[in-house]
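Spelled out from the first residue to the last, the chains are:
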Amino acid sequence: QQQVKQSPQSLIVQKGGISIINCAYENTAFDYFPWYQQFPGKGPALLIAIRPDVSEKKEGRFTISFNKSAKQFSLHIMDSQPGDSATYFCAAFGGNTPLVFGKGTRLSVIA
Amino acid sequence: DAGVTQSPTHLIKTRGQQVTLRCSPKSGHDTVSWYQQALGQGPQFIFQYYEEEERQRGNFPDRFSGHQFPNYSSELNVNALLLGDSALYLCASSLAGLGEQYFGPGTRLTVT
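As you go down the protein sequences, you meet chains A and B in turn. Just so you know, the first sequence maps onto residues 1 to 111 in the working numbering. Just so you know, the second sequence maps onto residues 1 to 112 in the working numbering.
A portion of the hints provided could be inaccurate.
[Said to hold, decoys possible] Derived DSS-like pairs: lysine-lysine, alpha-carbon spacing no greater than 30 angstroms straight-line: (1) A/42 to B/13; (2) A/103 to B/13; (3) A/15 to A/5; (4) A/58 to B/26; (5) A/103 to A/42.
[Unchecked claim] Which bits of chain A does chain B cover? Going by a derived footprint, with three or more residues having C-beta under 8 angstroms, they are: (6) 44-56; (7) 98-108.
[Stated by the list, open to error] Non-contacting residues of chain A with respect to chain B, defined by C-beta distances greater than 12 angstroms in every case (computed): (8) 11; (9) 13; (10) 18; (11) 60; (12) 68.
Calculated from the structure, these hints are not laboratory results. All values reported here derive from a predicted model rather than from experimental measurement. The C-beta atom is built at its ideal place from N, Cα and C for all residues, glycine as well.
Pulled out of the complex, with its shape left as it was, chain B reads as follows (with noise of 0.2 angstroms):
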């Protein structure tokens, strides 16, 4: 049974360029939260989605934005990179935006 995975593992980004990163829930899930780490932080919730709808959306601008396919799998788009979004970005799978929440091992964003 797979695990939540997620792609790709590191990238390094310029100041002003776009990213995506990608999600591919537990076998069963059907919602995909992201969080963002900063170093020596806990996670903090972006956003969350399910059928496919953005469904809860933290304090985070609107540079941050996401996708939720057919297939349960999610995309976490960030326009205008800025040094500070320099951090690890999980991705969490639930069944039915329960929180019981299983995490993938993240992509290590770093903006130059």
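Just chain A, with the same shape it has in the complex (with noise of 0.2 angstroms):
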């Protein structure tokens, strides 16, 4: 049972536009949410986290938005430039539980 679920597994956005990425948890003992960029043959580098307790967190252009009662956090990027072109896994920990993560979504952005 995979305990983080991502979607979608790729995405192609336009130079410019805005890429956005959902994931969904069921354990609520989760109480960090981290999501990392990893690009080929590199190993994954947080990018930007959330805790429960807010709905939003902004890193210049990089947006995690937090749904509690929904179970659901998505990440935004926002005026997505080719450089971004990489996989983004969402990631959840908490209570007993070590960093799990989702299948990861393959994102491209074209010129």
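Using the hints, build the complex out of the two chains.
See the structure below:
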């Protein structure tokens, strides 16, 4: 049973557009929700993270929206650039559960 | 400030052999977690070490074992390698096992 469900599997966005990736979870003990960016052949890099006590967190062009009642959270990338082309993973952590990852979204930003 | 480092970068082993992978955590971090990432998949948690003890373990067989040293560095050992063990092995460090984990570049293991 997958603890974090991520969609879409792949995403193509025009340069300057908004990229949106969604995740859902079931375990209400989760209390930390990070997003990671991974380029081919590299390790995942922590991009931005949120805790359930806030509904939104913004860092530069990256925003996490969090809906505790729906047990969903999403990553928005504003003004998407070709350099943002990578695989993005949502994850969740908390309770006695270690960091668990979604299956990833492969983002391609085209000019 | 050095981030998480891993060695070697790449490794090719034969089925049935044993392998040891190494990880040095980010400066100031005391907890090391290991993950296996198959091609096209998200990282899967193997185990976590804190204060030189295995604190948590994922759904991996006993062929996977580890160690943490007093300087917080860590090793991952895999015995009796199977073709299915081919993957990118990632080490992540954190402070006191918190969720904010920083990953190394990984070791690409190929089993032939």
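So, going through the hints one by one against the coordinates:
1. A/42 to B/13: Holds, because 21 angstroms separates the two Cα atoms, which is no more than 30 angstroms.
2. A/103 to B/13: Holds, because 27 angstroms separates the two Cα atoms, which is no more than 30 angstroms.
3. A/15 to A/5: 27 angstroms, holds
4. A/58 to B/26: Within the cut-off at roughly 25 angstroms; holds.
5. A/103 to A/42: It holds: about 16 angstroms lies between the C-alpha atoms, which stays within 30 angstroms.
6. 44-56: holds (count 4)
7. 98-108: holds (count 7)
8. 11: About 15 angstroms separates residue 11 of chain A from the closest Cβ of chain B, which puts it past 12 angstroms; holds.
9. 13: Correct as stated: the minimum Cβ-Cβ distance to chain B is 20 angstroms, above 12 angstroms.
10. 18: It holds; residue 18 of chain A is separated from chain B by about 23 angstroms at its closest Cβ, greater than 12 angstroms.
11. 60: At about 18 angstroms from chain B, residue 60 of chain A clears the 12 angstroms cut-off, so the statement holds.
12. 68: 17 angstroms, holds
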